[in-house]
Each structure stands twice: as structure tokens, then as C-alpha cells.
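The task is to assemble the complex, starting from two chains supplied on their own in separate frames and drawing on the hints.
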Amino acid sequence: MAGVLQVLVLLVLLAAVWRPLGDWMARVHTDERDWRLELGIYRLVGVDPRSEQRASTYAVAILAFSFAGIVLLYLLQRLQTLLPWSFDRGTVEPGIAFNTAISFVTNTNWQSYVPETTLGHAVQMAGLTVQNFVSAAVGMAVAVALVRGFVRSRTDRLGNAWVDIVRGCTRVLLPIAGVAAVALVATGVVMSLRAGVDVVGPDGRPSTIALAPTASQESIKELGTNGGGIFNANSAHPFENPNPVSNLLETFLLLVIPVSLTRTFGRMVGSMRQGVSLLAVMAGLWGAMLAVIWTAEARTASFAGANLEGKETRFGIPASALWANATTGTSTGAVNSMHDSFSAFGGGGALVNMLFSEMTPGGVGTGLYSILVVAIVAVFLAGLMVGRTPEYLGKRLGRREVTCAVVVVLTMPALVLGGTGLAIALPSTRDAMTNSGPHGLSEVLYAYASAANNNGSAFAGLTVTSGFFQTTLGIAMLLGRFLPIVAVLALAGLLARRPRVEPRPGTLSTGTPLFSVLVAGTVVLVATITFLPALALSPLAEGLT
Amino acid sequence: MTAPPVVPAAHRSPAEAEQLHAGRTGRAVGAGAFRPRQLLESLPTALRKLDPRRQARNPVMFVVWVGSVVVTVAAILDPTVFAWSIAVWLWLTVVFANLAEAVAEGRGRAQADALRATRTDTVAHLVDGRAVPATELRVDDRVVVEAGQTIPGDGEIVEGIATVDESAITGESAPVVRESGGDLSSVTGGTTVLSDRIVIRITAKPGESFVDRMIALVEGAQRQKTPNEIALTILLSALTIVFLVAVVTLQPMAAYSGGEQSLVVLVALLVCLIPTTIGALLSAIGIAGMDRLVQRNVLATSGRAVEAAGDVSTLLLDKTGTITYGNRRATALHPLPGVDVAELAEIARLASLADTTPEGRSIVELCAREYGLPVEASATEAAAEFVPFSATTRMSGVDMDDGDGRELRKGATSAVLAWLDDDTDRARLEAIATAIAERGGTPLVVAYVRDLLGYSTKDRSRGGALGVVELSDVVKPGIAERFGELRAMGIKTVMITGDNPVTARAIAAESGVDDVLAEATPEDKLALIRSEQAGGRMVAMTGDGTNDAPALAQADVGVAMNSGTAAAKEAGNMVDLDSDPTKLIGVVEVGKQMLVTRGALTTFSLANDLAKYFAILPAMFLALYPQLGALNIMGLATPESAILSAVVFNALIIVALIPLALRGVRFRPSSADRLLRRNMLVYGLGGVIVPFVGIVGIDLVVRLVPGIG
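Protein chains in written order, with UniProt numbering: chain A, 1 to 545; chain B, 1 to 709.
A couple of the hints might just be wrong.
Claimed, not checked - Partial pick of chain A residues on the chain B-facing surface, computed with a CB cut under 8 Å:
hint : residue
1    : 382
2    : 387
3    : 389
4    : 406
5    : 414
6    : 421
7    : 424
8    : 441
9    : 500
10   : 504
11   : 507
12   : 525
13   : 529
14   : 533
15   : 536
16   : 544
Because the hints were derived from the structure by calculation, they are not lab data.
Source: prediction; values computed, not measured.
Note that beta-carbon positions come from the ideal geometry of N, C-alpha and C, so glycine has one too.
So here's chain B without its partners, still in its complex pose (with noise of 0.2 Å):
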């Protein structure tokens, strides 16, 4: 009846659990602080990408960079005030495009380079005694690494138990347990080991491990762009070649109505119509959004997970960790009829004193507090032999070695009846059970025999059942509310749980998950996930064994924990270095943030160009059709001002709009119709309304230029 914890327990006290929770899963999405001073440090390598080449992956300003090559010749050869301001501005609309791409990358080299002092000049000492540089490790190489040395690189440990210092990469400082076998075994190169000796079996290539992946990653080195940032691209080099269309067409109209224009002009029309915004805007979004996520202590492998992230419609959320505090504490001790509770509370502290698991210990402090029972192991108890926990026996306890030969048992109450070999109590510990599964708790059988062989149904002296102990799992606060949100955002939530069907009935009743997976083992996760996706839900994940792996990958998003195993770690897309399940959702509303922004950006970018029309069609057409200063609505100046400040204006609000696109746009979970209306309003609306206010502005100044005003 009972279930074993599924989640092997974290290793750090409940307490700087939460103070993490509280620290890095925020809720309103954010980053840290723009500082202007960024644009300043990253001017130098925005002039380096002016190189064409680098320019002709972005056709949007691949365009303005061929503009203004072209309008540079023209003012070369007929220079006048106009056509070389024009020129200077849209050769500073390329370099704050690449501003742009530059500040984004260079916020990601800071965090590469964090990522980077981690990889020192490691010397790493091969099992056979010779000792290597790090960087010259092959896989499947076994090296010996001791108290105070550094892990050399990624791998899993063979031999041995240590506590490791991960704070370079995860900057949590308390110590973690590393052991061969099981699914804590995997160890993270420049990690450093603080005491015992392990042998490690080298898992990645030089150059290839996990952190080396993230570097590469993070400076935007191996960005690949995500579907939808493809799926956008195209939309805008449509635009592009239809706005090129529209402006190369429009001179043959225009000299035919008695008005040809010069190309300056025609250029600038060009430049101010195609998206220059959001095409600017459109690389550093995502390098963005990778930052984001490193600032959270995630790790995503590719952009695509980050965009999957906003995708996902169904969460797989561990219950423990999760949805409640990691571990269930006991609450009540239930004896059976005819048992004294003084006995069971004895009985259950000594089969719990060895048992060092917070469920173990919670145990002994619930006898201390309640009956007066001591904490610390006498000595006789001390030298009783501990029975770990075993999948297959579903029990744990002690081996007394005080000449009455006690075995102390507790443990799922089907197990420890199977171990008794005794159907007398059956029923009476059932009701128990079920009443406290019924309440969310899980029910513990605690049993002693003396001398198994011997024990007999008939002989209550020689041992039995004595009763149940409750433990009780504690929801978090404020996790309903936050099911609440993310229904309003179309997410389904799905809590994965070990424990019995009504158990977890009960915990999902009391935290508002949308749906529950109890008794779950590997496969059943799977097939859940298969099955969501078959009716093409995405679905994300968090996991950490090795017995998870297969689910992780299958997941469209699988956030693997950091102290789980190399392949829960390999299967998934991310990596979470604070090991905190509950950042799935705050990693959902990261990739939708992310698409949020662009959305807005395009759109915003799309919506000015009817106030660039209104500036920049009259100041063409003026002279030829003078009732066309109807549409000059603005009152600009001179055609040369009017056209001057509608480009002047076209390449600031890129910079005005960077901080926007690193930080995102404010996203707060909410159905999708009123984000859309919000969206619409501020960006659509705004979009319309703030180029005309701009351009006026900027024509105030301008027309104050000799040669242009």
C-alpha cells in the first residue's frame, strides 16, 4: 500500500529548498537589469559584423546594408546635406541592428564565461597511474579523482562515494552525494570533489561535455534558429520582396506622373517600410531568451526547447518536490486494537533509528516529541544492522543484535504482511490505511517478529503488526493558485506520483492539479506522453533517474535535474542545475515570453509603417501633386525633413526597443484572448500611434539643419 519516496531525496535541507523556490522561480518573468553601458562595450563588435557576410544572414538588414552601400555612392557622387545624413543613418540603423545582436550576445559571454572558469587546467590521474592534461581525455578513460581535486570532466562514478562541491556550476554551496550505481552517480567536469575517493568513467569528449555544449550555446556561437523564428523570417523576407517590389515599381509610376524620384529617396522609402524593427530585434530575442533561462540556472541544449517550452500543453509534475515539500513527514501513530501506542512508538523509533531518510528521521522525532522517546541511538541500538529500503521488498528496519534476535520491519502494508506471512490483521490495518490514504497521508506498517523462523500467527508475544504509522505529505502554498494560472493559459497539469490511487486523489484534490498519474512507473509516464502527444499536445517534464530517460526524450521539453544521472541528463533538452523540479514553469513562461516578444516586435514594426507613409509619400509627391499635403497630417517641415526624420526615427526605436527585446515583454499568465487584446492594444495601437509622435519630435530637430529645415 505504501509507496517508497520516488524522488530521491534532495540533498539539501528543506529550508534552502525553499529559499530557492523563493529566490529564482520569481513570478513575473524577468531578467536582470539593462545597463546602458552595454551598447557602449559592444559598439566594437557591432562594427565587425557590418561584414556583408555575416549581414546576408539576416535578409531583413541585409537589405538596409545594400541601401546603404547604394545611397553612399550616390551621395559620393552628388553631395548634398540630405543625401549624406540619410546615408549616416541608415549605416547606424545596420550597426544598432547589430548593437542589438551584440549587447544579447555579449549578456550570454558572461554566463559563458562563469561556465568557462570551470574548465581549468585540470591534470586528471588515469587508473593506471598516469596522470593527463583534462583536455586530452577520451571517453570511456577511468580516471581516480581525490578529496580537494577537480573532477576533470563529465562522467559517471564507477566506484567509491564523495561529497562534491558543484557551486561553479550550480552556485549552491552546500555539498551534494555522489556514489557509483543508482541514479546519483553522474559527476559534472570542474566540479570538485571535497572528501573520499571515487573513480570516474569519462562520459564526454573534450570539448563536447555538458558545459562545453552550454558555452557554445549561450554565446550564440551554434545559435540555430527555432521553428517559429524560421517560420517569421520568411514572413518578413516576403514583406521585404514585396515592399522592393512596391518601391522599384513606384519610379516608373512617378516618372511617368512628372515626378522621378532619386534613388536616395527611394531607398530611404524602402528602408523605412520593410520590418527593419523586428528584424533587427529578431536574433537577439533569442539569444534573450536562452540568457533568460541560464539566469534561472537552466541549461537548454537548443533554442528549440525554449520555443517547445512555450508550446507545452501538459505538464508532467513530480508530486514530491513539486507539488508537495520533498519529503512527508510522520504525523500519527495508529496502533492496532489491543496494542498499547506506547509500544508502537517504541517499536517504530527503533526501526526507524538507523533509517537516515527525512521520512526516517521524522519518525524518531515524532516518538521524541509525542512520547518522550530519546533521539539519539543507545549503544546496543546503534549496533543494530540496518535493512536499507529495497524495491522489492518495499520494507525497511533493523536487525537488533541484542540476544532476542528482533527483526523491526515498516513498510507498505501489503509487503509487510507478505514478510509476516500473516493475514491475521489484514483487514484492521486496511481501514487504517485506507483512512489515511483518504487523506492524502501514506500509511506505514510497523512490524516486529523474534526470531522469524520461529514466529507463529498464533503467538502475539513472539511479534506481529502493531499498528500504523501516518505520514503526511505538505502541499505548498500558493500551488493552487498557480494551477489556476496555467489553466487559464491551456496547460493541463498531470501529477506523477508513486503513491496509491486515493492517496494521490486526495494531494491532487488539495493542490488543484488538473490530473493524476498514481503508482506510475517508467512506462506509465511514457505512455502518458505518448498518448497527450498523439492528440498533439506537447508535454514537458522533469526528471532525474536513469529508469526516467526514456520519458525525458520523449518529452517535448524533458528538464532533467542535475544531480540525476548522465542519461536522465543526456535524454533531456535542459539541464537544471539547482535540481528544483518546481522551475518548470517558470521555464513554460520563458519560451512564451519569448514568443510573446516577437509577436509584439513584428507586429509593432508592421503598425509603423502607416505613420512612415504619412511622413514620407507627401514629402515625395508634393511638388507633383501639391493636394497630397492632406496627407502630411504631421505638419513636418521639408520633404528633406519629413523623409530624413522618418529614417532618423527608423533606426532609434531599435535601440529604444533592445532593452525590451533582452528583458521581453511583460508576461503574465492569462487566457489567450486577453493577452492578444493586450498584445494588440500596446503594440498594434502603440505601434500606430508612437512613429507619429516620434517623427514629429525628430522633425522638430531636424528642420533646424542647414539644408534640410
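Chain A with its partners taken away, still in its complex shape (with noise of 0.2 Å):
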């Protein structure tokens, strides 16, 4: 009863947000005035905001930025020591520091290290938090220059990458993040400079408990659908994730944007109808694996002796349930459960959601462009089952758009299959697993999918220090965020170009409840046929005994 309270609860304060936050990201996003604080940053890094970018230019910018942030990341872990509050944690060794750079700037925050032993505050906050706030504008950024591409027509212009970066960060993300850190510190959520603090234990022998800023990360963290905890236990730690107060808050930040980025969508292109549709493909899908890991978990562990293990305790079966879901739902990857420890089908929800794509409502803007991509795809299809050119918001899909949309869809799979099957072609994999049999293939199957998509959370289970993991699972992090933005802001440039034609009765409507099914229905079919056969051997052969 309580679960499903907090469910609502939570439904409410996004339906209470989705309006004014989605009408406010339109505007940013839309206005030809800088904020003086912005105009500032221009005039430092010599950028003219009134400039607008082709598409190539645009890419460019992004894929310098991100890469800039990968050395800047890099270097600043390798000198540790020669920054404050390094508390002598020394040098983070190099396969760690790569992995690391890596996963932070795309977004993934998948963690090969312990945080309390490996980073000092100075690396936390100048480093991973950095990257917590400009990740997240990065995959905003591609998403409002796609849905510009939509509504633009007849230009090569899709906006300036390095004004939609800043205005994300100084308009969206800095003034939501600032408000939630204070009112996580006031749930509880530890703020502190300190290392830690000495305490002795009940059995009489001293330790060190790990203090760390954790609030300022912890707002943004979950904002930016990013997810790289502070602590170890990441958000199942009480110093990140205190009370059930400060859970539903955070399950509440880390879904606002992308929910709130369809109502943006709609404002943009002019129809609401179609931001809408799109909301209703997000809700739905995301409420069927609700229903799926929640049942799953339910089930497990009303059994005699009961599965209590990767239950939170502190929160109950609900709330692991409904944070699970929100957090691979959107490509955040926190955890305030282990899924390693779900049960088959829990677990393997949490990996469906992943595999299909993070578009249920997805990562910040990662999640718009996404399921963008899959309704041209879906409309391609359908489209010629009405015996037209297919059209969606009035661009006709040709021959290219098709090709990047393809690109974007079919990057993950190739990814995921083929990260999963090379490791498990090799005879070390086994030694880093900590299961056999299905359950150790769901691990392997879970890091990669995990990287791939971005997301960052960990099935647990497999250990990932090895020189071979470290360099795998950070090129699937790599390629499967900047392979997609190449070709969405491809496909953003192509759309551009194209005049815009208004809808008439002879083409498909979009827009629709029936285009949500389309739309739901490719999403579900193109994860069905591609992952099915490797799920068999994994979650499906785990589970169905």
C-alpha cells in the first residue's frame, strides 16, 4: 500500500512538473537573449552566441568538448596528489583513470573503483560533478538540435552547440540542482569537506567513517541522469540516500528532465499532440516493467525463507522496485539495490529496460533523441503500409535519414552482442565472474549492456578491474554515446534541409494513440529480435524453472 502510494506520489509531482519545467527547456532553448552570467562564459571561451552551426560544425563541437573533458578528467585523477583534500589516496592507476574519464563525460558513470578509498573531494567536485552538469547539457543539446531539425526548414543551421551547452547548465540544470542539494541536506544528506570520522565500533575496534559533499553531487547526480555515487553503495548508502524522503526525491530528479523534455518537444515542434504521444510510449513501457520487477521481487521473496537478498530493507521491496525501474529506465545507472541480487526476472527487468535503448523516458535528452529515432523508424515502416513517402512532422524520410537512423538503433545491439560474446569467449571472464550458468552470463550481459546504453549501473557480480574489461566496456561507453550523437546531429542536419510539408489526411498521423503503439510496439520488437536468443541463456533460462 505504501509502495503504491509513493508511486503515485511520485506520478503526481511529475505531472505537476512536466508543464512549467517542459514550457521553461522550450524557452532556454528557443530565446535570443543571453544571460549576462552567460554572455560572460561567451566572451571567455571567444564564442559568439549568435552564431549558428551546419550540423558537421555542431558534431564537431560536441565531440571536442566531450573530449576535452575525457583528458581534463584524466589528468586531474593521474595528479590527485597534487590537489586538496587528496587525504593521501594517491594516484589513481591508469586503466582505473581512463575507464573513469570516460564513463563520466558519456554520461555512463559506471564505477570500476571505489570512491571513498580511490578520489578525494577535489576530484569529486572538480571532476566528476563538472562532468555530472555538462554530460547531461551535452545529450540536452543534441536533443533540442534534433527536435530543431524537425522544425526548421531549408537551412543548414542547427543552432549553437556551445550556447544550448551553457544555457543547459546555467538555465536548467545549476538552478534545479542548487534547489534539490539544499533540501537533500535538509533530508539528511551528508555535506562535508571532512575524510571522514573516527568512530569505535560496537565491537570495541576503531574505524573511519568515509565523509564526503555528497549532496551537491547527489542533486545532480540523479538530475543529469547520471548516477556515479560518492560512496561505494551509492544510493543505497544512508549518507546519500538517508530516508524514504530523500529516496522519493531522488527517484522524483532523476526522471524530471526526460519526462518533462517530451512536453519540451511538443512546445517546439508546435504540437502538443505529439510530445504527448511520445510521453504516453515512455509511460507506458515504463509502467509494464514496473509492474514486471515489482511483481518479480514480490514473488521472490514471499517465498518460504525468503529472498531478502538485494532487498532494501530500510525502504522495502517498492521502493527498490520503483527505483530500479527509474533508474535503468532513464540511463542513470544509481542504484539503491543490488540488481545482481534481484530475483531472475527482476533482474533481467532491469536489463530489458536497458536493452531497449533508454528511451522509457531515457537519459537527459538521450532519451528524446532516442525514441525520436525510433518513431522515424516506425513511421518508415508503417508509412509505407499507407502507400506514401513516409513523413514525420512533415519531413519526408528518404534514403539518408534512414541510414542514421539505423546507425543510432543498431549501435547498441552490435555493442552489446558483441562486447558480451567476446567476453565470454574468454577463459579470464570466468574468473571474474562471481556466478556461473545463466546467472553469470546475465553479469556480462548486464556490464556491457550497462556501457553501452550509458547507464553506469552495475549488475555487481562481475569484477571489471582487468585490463581487457577496463578497455572493452570503455569503448562501449564511447561508442555508444558519441556513434548515435554523430547520427542523430546527421540526421538533425538532413531534416533541416528538407522543406517542411503540412500534414494532410493521406499521410500517416502522428500524434495518435495508434502512432504510440507503432511507436511502442518497434521499440519492444527491435529489442525482442535482437536480444532474445542471448536472454534465453541468461534471465529466461534462470528464471523459467
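So this is what it looks like as C-alpha cells:
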């Protein structure tokens, strides 16, 4: 009952914020004026905020910015000893530094290290927290560029990547994260620059409980669908997520922007029906997967001798299921309970959420552009069936548009299946796995699904510190992030050049319930036909006993 | 005020034209019956197409081809009934795909042969007296063709007039008139001159004539993929790649799980998953689309044009011949006050006697019917000098040779008044004319003068305007419903007419057309097409005159009438051999049907995968994880029979769908949402269910085979 109430409160909160936040984000990205703070930033980096970029320039800006972020983050970790608040945690070793740099810049926030013992507060704040902001802003910028491609016609300009990134930070992420951080502190989330407190345990032995500037990172960790914890236990740690109120607030934060972006989209294309129909797809699939995970967890736990492993006893099964569904449905990856310990179908549900390619509702920006691309594929197939060259939002979909869409849709399955196949073929992988059999395969599959989808949640149970995993997961994160981004921007460029055709009775109408069913069907179909064999050998084989 | 017929009168009687409409543009889009024997006849071609170089053009089927080779090698190395069965059925899958294409091409070839029959060993007689084979003619050669001779190549008449039998190309037995100058000057190689003698300037190189290009297209030799086909091929190739990755990476996962799979099983899984059904039928659908147009006597110069026809959102339709019957008919006489209607009738008849246009004939007939005047001209009347209609005078009539020097004219109000240089009756004439125009009719003012130089407005005895003949358009029955359907399909119809706006709107209201372009000049048409295209709409039109050429070229689908000029035919991307503008609507339907067929079969193909997974996955891993037997909901006998059944189904479904691919899925004009819902239900849901039934059925047979069941 309390579980249902939690979901209802969450939904009411999201519904209340959807309109104002969605409209605000649309205004942010169509506003002609700059804030003084922003002008200062533009002057500092030498950008003319009024100049617009072509798709290629936009993409180069995004890639260059991200690459610079990776180098900077790598150097910060390697030079940690020179920084304040490093508490003798030493230099981060190259493999971990490489993987972590990629992980945070790609909005994955996969963690192959133990934060409390590896990173000091300087790297956490100046490195990871900064990337939490800008990587989310990059995702939003790419989504906005794609929407502009639909809105504009006969132009090759998509806006200015620098302006979009800066505004995403100054006008959306920073204000909300700031307020949320204060709210989190109020619920009891820790905010401290001390290394830790020395305590004497109940057994009489002294130990140190680590402290960190948590609230400031926690808020953007959820809001930016990042997910990298400042503590190893992530949001299961009482300092990150002390009580049901903070738990609910954090769940809300990680859903709020991806959900509200559907309104931004509807506003920008001038038809709220279009935004609502995509929201319906997200909500429908999200709700269905919540039911799967919740049922699976609740049923397992009710057996005699109850499988309490993996249950967040402070919050209960509903809050664990709700969080797991929200964190894998968005590309967040923060956890308040360990998915490895879920039942076969519960963990499988979290895995499937990622294999849907993170669009229910997906990451900040990435969710919107991913679902738009799937909508394009759906419209292409269905559009042929009404006897016309398919159109979506007044843009005719030809050979090149389909090529771009297909690159976006196929990158992830290729990375996940390729990575898993390669890893599982290596004898050394067996040693890194805690479990054997189907569950072991699930661990590996989950790791690559998490990396390629820039989710970052871990099934745990798999030790990924070896050079092989650090490298291949790093590559999966990089390609899983930037191949789709480049293809999406190319798509945006193609769309912007096309004339906008006004919709007519003869064209497939989008923004209808039938269209929502089509898009949802395409999401499920693509995931099913590509992953069913692999899933049959992992969660299915495990669960169907 | 009045306007001439915009389109030169069709060279056949209205009755004949009507027969054609009924016969060739039937309601439902369909094609000739598919004969199962065609499959056998095409088998040799299908086997020749096994050449890997030809397979490589189709990525999906190329994967099947490679898979067949791999499984065959595996079967040779480790011969089992199962391996050989799979090998045979994989090869059959490739052969069936080839068969689909071969059958489609075979049907095209029949059309091509009929066209080719027109290209005989004609001897061309050059103007300088030399005789050369038709194949050695060059562009700009001038040849003489006399009665009974076959025209050696495409060209235009530079001298003379002749009746020509074009039945070899059009199937239409009534001869047509071709003459130099104007819009009726083009002739097609292979047609026969029936009377008179003409000099033709050859306009096409041998081997590059219109018919030659058509033969190449319908035979599929020069078939280029259309834009949507390319986009679909990309999607299908991408899916194939993903399935390839899924199957290749499945092996290490299976090995890890302790159930390594044989190469034969993996290839079988791959072939069942990749979209072979649509991959096999894709090119057949394209060829069949062209073919269906040819069966309607429309020749498209490219598949792209056929596809574009499906995308058309604006149809420019000539009023005459499309919306109304080709010719307006005289229906009433309106004398001016003080003029006896008998006098008007007499003058109107005299002015029209020598006028052989249907309008002219109808005036004579009206006068005969209503006022008892003779139909035939007397000797004196026949001696009168005919003054034909011209665009500058906008009048026609006769100059009598009866000693009176009477000149009789009928034509547009303003033109006749200008000729008379007399405004006395303008107001009254215009009142009558406006009333007629509002009814959708065309007013034709009748006037005469005795000795024009001495004519004075004061002296009525010397002549003047007498009154108005009302010509009425008869809107074709059923056309309003047709436009309603087009509207539901999202297609806007625009009536093009030379009529004045008032007349045009009256006819538009009666016929239910969406919009009207009145007093249309070729420039107006071009401007209209450009403005529609600027709004992202694709435009189709028909045309036949040289002045239509720019608009035909600008339109996305330009259907030139075969009776039209060479310039028009060159500018358009289709030619209607029957010269029937109504067919434009049918052409659009064929284009749409082609797209729908592709989409429907793609959906069907993808939906099939679900059942195949349910057949193959438990079969692969049952030994490893017995609990996966829960997925064997079809109750297939053994793992071998399950996999073989899926492969056999995958092959047979191609053959089963060949008739559908050739005929095209049923297309009924309706709204996009209705079409989508229906096709999703039939081909989406049907695609999920059919293979479950099919695989179970095949399994019942296959399980009886020793070594499988």
C-alpha cells in the first residue's frame, strides 16, 4: 500500500512539474537573449552566441568538448596527489582513470573503483560533479538540435552547440540541482569536506566512516541521469539516501527532465499531441516494466525463507523496484539496491529496460533523441503501408534519414552483443564472475548493456578491473555515446534541409494513440528480435525453473 | 468570354472513349491473373540467377546464398539427414527468391515482346531517295512515309497530314490523324500510315526510341531501385547485420552455457531471422508495379516515376476529357431582343456547317433538331470559305460566296464585338453570357455582317450580333465520388480549364473538384505546380501540347498523351498510350499500391520472426536448459524437426506470396489511418499468427522423415 502511494506521489509530482519545466526548457532553447553570466562565459571562451552552426560543426563542437572533458578528467585523477582534499588516496591508476574519465564524460558513470578510497574531494567536485552537469547538458543540446531539425526547413543551421550546452547548465541544471541539493541536506544527506569521522565500533575496534561533499553531487547525479555515487554503495548508502523522503525525491529527480522534455518537444514542434504521444510510449513501457520488476521481486520474497538478498530493507520492495525501474529506464544507473541480487526476472527486467535502448524515458536529452529515432523507423515502416513516402512531423524520410536512424538503432545491440560474445569467449572472464551458469551470463550481458547504453548501473558480481574489461567497456561507453550522437546530428542536418510539408489526410497521422502503439511496438520488437537468444540463455533460463 | 477547347478533340468518338474508361480504368487496382505455370516456365531463369555476382545485388538474399554454401559444405563433411535437408531447403529459399524475380520479369517480357513486335525490319526512304534500314537512321534524317508503309522511327511530321494506325502500340484500332505543325505532329516508330504521304524528321536514335526504352524498362534490364526501395533495402541490410551479430555472438554464449551449436543450426537460425520474405520479393514488387502500369497502357520511363505517383498530393486535371466529356454540346439558343430565334438558328447553322469540331457539329445538330434545318450543306453553302478558329481571333465562321459577301462568325463575346467594332449590344450579350456561364455553360456569340467595310452600327439590315449559342459541359457521372475518395486519400484535385472563372466554378461545384485554375495559360500551370511543390506537395498532371512541356517536366509525375507532341512526351515521365487523361487517377493508385505492398510484406516478414524464435530457440537449448521447453508452445516433435520446419516455412512462404507481390495488396482509397489499421491487422497480426500455424503444419509432415522426427 505504501508502495502504491509512493508511485502515486511520484506520478503526481512529475505531472505537476511536466508543464512548467517542459515549457521553460523550450524557452531556454529558443530564447534570443543571453544572461549576463552566459555572455561572460561566451566572451571567456571566445564564442559568438548568435552564430549558428551546421550539423558537422555542431558535431565537432560536441565531440571536441567531450574529448577535452575526457583528457581533463583523466589528468585530474592522475595528478590527484597535487590537489587539495586528496587525503593520501594517491594517484589513480591509468586503467581506472581512463575508464572513469570516459564513464563520466559519456554520462554513463560506470564505476570500476571504490570512491571512498580512490578519489579525493577535489576530483569528485571539480572533475566528476562538473562532468555530471556538462554531460547532461550535452545530451540535452543534441536532443534540441534534432528537434530544431524537425522544426526548421531549408536551412543547414542547427543552432549553436556552445550556447545550448551553457544554457542547459545555467538555466536548467544548475538552478534545479542547487535547490535539490539544499532539500537533500534537509533530509539528512551529508555535505562535508572532511575525509571522515573516526568512530569506535560496537565491537570496540576503531574505524573511519568516510564523509564527502555528497548533497551537491547527489542532486545532479540524479537530475542529470548520471548515477555515479560518491560512495561505493551509491544510493543505498545512508549518507547519500538517508530515508524514504530522500529516496522519493531522488527518484523524482532522475525522472523529471527526461519526462518533461516531451513537453519541450511538443512545444518546439508546435503540436503538444506529438509530445504527449511520445510521453505515452515512455509511460506505458515504464509502467509495464515496473509491474514486471515489482511482481518478480514481491513474489520471490514471499517464498518461505524469503529471498531478502538485494532488498533494500530500509525502503522495502516497492521502493527498490521503483528505483531499479527508474534508474534503468532513464540512463542513470544509480542504485539503492543491488540488481545482481534481484530475482531472475527482476534483474532481467532492469536489463531489458536498458536493452530498450534507454528511452523509457531515457537519459537527459538522450531519451528524447533515442525515441525520436525509433519513431522515425516506425513511421518509415508504417508509412509505406499507407502508400506514401513516409513523413514524420512534415519531413519526408528518405534513404539518408533512414541510414542515420538505422545507425543509431543498431549501434547499441552491436556493442552489447559483440562485447558480451567476446568477453564470454575468453577463459579469463570466468574468473571475474562471481556466479556461473545463466546468472553469470546475465552479469556480463548486463555490464555491456549498461556501458553501451551509458547507464552505468552494475549488476555487481562481475569484477571489471582487468585491462580487458576496462578497455572494452570503455570503448562500449564511447561508441555507445558518440556514434549515435554523430548520427543524430547528421539526421538533424538532413531534416533541417528538407522543406516542411504540412500534414494531410493521406499521410500517416502521428501524435495519435495508434502512433504511440506503433512506436512502443517498434521499441519492443527491435529489442526482442535482437536480444531474445541472449536473454534465453540468461534471465529466461534462470527464471524458468 | 468564351474559350476554345483547350485540348484538341480526341480522335475517337465519345462512345469509344467511354468504352475505354470502363475497360481500362476499372475501380479496384489489379492486374492480370497469375498462372502457377509461370513458376515452372521461369525456373530456368531462376537457376541462372544463382550466380553469386547477381545475388550480391540483394544483400539479404546474398547472406542466404552464402549460408547455403556453408551448410552444403558442412553436410558434405558430416552427412546427416538433417544437415542435407537444411542445405536443400536453404538452396530452395534462394531459388524461390530468384523465381519471384524471374516471374515478374517474365510477365514484363511478354509486354516487351508485344512492343518489340513493332520494331520490324522496316526500310526507311530518305527524302533524297535513298533507302536505308530503319536501324541506320540518324537523328534529323528526313524520311518519306506513304500509305501502307510502316513509320521507321520516332519523329515529328514536318510536311503533310496522314491517318495513322497506332494499334500496334496502343491496341486502339481507330486510326488517328497526324499532321505537321501544332500538337499532333509526333509519330511513333512501328505504327503504319494508312492514307496520304508525310515527311518525318527522325527525333530518336535507333535503339533509343521511346519503345526501346520501354522494352528495357519492362524487362527489368535497366531497372534502377526507386528511392523508397533503396531506403527499405538499407533498413533490411541493417537488420541483417544485427541478426548476423546476434547469431555469431550467440555461439560463445551457448558455448559458455555448455551447449555449443552446430554450424548448420546457426545458419538455419540466421536465415530464418533475416527478412528473407521481403528481401526475396522486393524487386518483384517493383517490376510488377511497372508491369501493372503497362497493362493499363501507360508507359513509365522510370520506376521512380511510378513511386512518385503514390506520393502525389495534388492532381492537376484538365477539365475537358477528364472531368467532363471531351466536348461541349450546344444545348440552347438565346436570341437578342428583337431577333427572331429562327434567324439566329439559320446563321448559327451556316457559321458552323464547315466546322468539323464536335462543338460545331453539335450546333448544326441542335438547329436540325429544334428548328428543322437541314444537316447537310447545300451546294452554295458548301462553297463558302471556312474561317477556322485561331488563338488570335478567338472566332470561327464562314465567308459566304453567295453574292451578298456575308461574313458569319461565332466566338467569344469580346472577340465578336471587337470584330464588329460595335458595342451597342454588349450589355445585353454579356447578361446572357453571364447567365450561361453561371450554369457552367459556354456562351458563343453569333454575328454576321454584309460587307464588313460598309458595316455600320446604325443599319441592322447589314448585320450585327444576333444572340448566343449555349454550349454545355456534361460532367462525367461518378466523378464527384472519385474526387471524394481522392480527398480521403489526402489528394487535392485542381481542375485546369481555359474557361472563365465563373464557368469554371460552376463545373467545379458540380464535379466536386477541390480547386480550379481558370483561364489557365501554360505559364499559370507552371506557376501553380511550382507553388504546390514549394509547399512540399508532389504534383501530377497530364498534358499533350508542346506548350505543356515545361509544366510536364516540372511536375513530379507528368503523363503525356500519346496523341501529343514529341516535346510533351519527352518532358513527361509517363506516356498514356490511350491518351485518356482520366487514367491519372489510376496511375496514382498503382503507385500507392506498390508502396503499400512493400510495407505490408516487410511488416509480415518481421512479424514472422516471433514464431521462428519460438520454434528454434527451445530446439537449440532444450538439452541444456530443459525449462526452455516452456517456449515450445507449438509442440514441435524434435529439435531437428522444429528447426527444419521453420526453414521450410521460411522458403515456402516466399512462393506463397509471389502472387501477392505481383498483384499488389488490395488497395482501396481511404484515409491513411484506416489503411494503416487494416494493414497492421492483416499483415502485422497475420504475420505473427500465420507462421505458428504453418510451422506446426510442416512439422506434422517433417516429423515423419527418418532421422528428423
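Each hint, compared with the structure:
Look at residue 382(A): its Cβ gets to within about 6 Å of chain B, closer than 8 Å, so that hint holds up. Checking residue 387(A) against chain B: minimum C-beta separation of about 3 Å stays under 8 Å; hint holds. At a threshold of 8 Å, the smallest CB-CB gap from residue 389(A) to chain B is about 5 Å, leaving the interface hint in force. The interface hint given for residue 406(A) holds, since its Cβ lies 4 Å from the closest Cβ of chain B, which is under the 8 Å cut-off.
Given the 8 Å rule on beta carbons, the hint for residue 414(A) holds: about 5 Å separates it from the nearest Cβ of chain B. With 8 Å as the threshold, the beta carbon of residue 421(A) comes within range of chain B, its nearest partner Cβ sitting at about 3 Å, so the hint holds. Interface restraint check: residue 424(A) against chain B, minimum CB-CB distance 5 Å, threshold 8 Å, status holds. Hint on residue 441(A) holds. Least Cβ distance to chain B is approximately 6 Å, under the 8 Å limit.
Checking residue 500(A) against chain B: minimum C-beta separation of about 6 Å stays under 8 Å; hint holds. Evaluation of the residue 504(A) hint against chain B yields a held restraint, the C-beta minimum of about 4 Å falling below 8 Å. Checking residue 507(A) against chain B: minimum C-beta separation of about 6 Å stays under 8 Å; hint holds. Proximity of residue 525(A) to chain B holds as hinted, the smallest CB-CB distance being about 7 Å (cut-off 8 Å).
Annotation: residue 529(A) was flagged as interfacial toward chain B, and the flag holds, the nearest CB pair being 5 Å apart, inside 8 Å. At its closest, the beta carbon of residue 533(A) sits 5 Å from a beta carbon of chain B; the interface hint therefore holds under the 8 Å criterion. For residue 536(A), the suggested interface contact is upheld, since its CB lies about 5 Å from the closest CB of chain B, less than 8 Å. Satisfaction of the interface hint for residue 544(A) is found here, the shortest Cβ-Cβ separation to chain B being roughly 4 Å, below the 8 Å cut-off.
In this structure, every one of the numbered hints holds.
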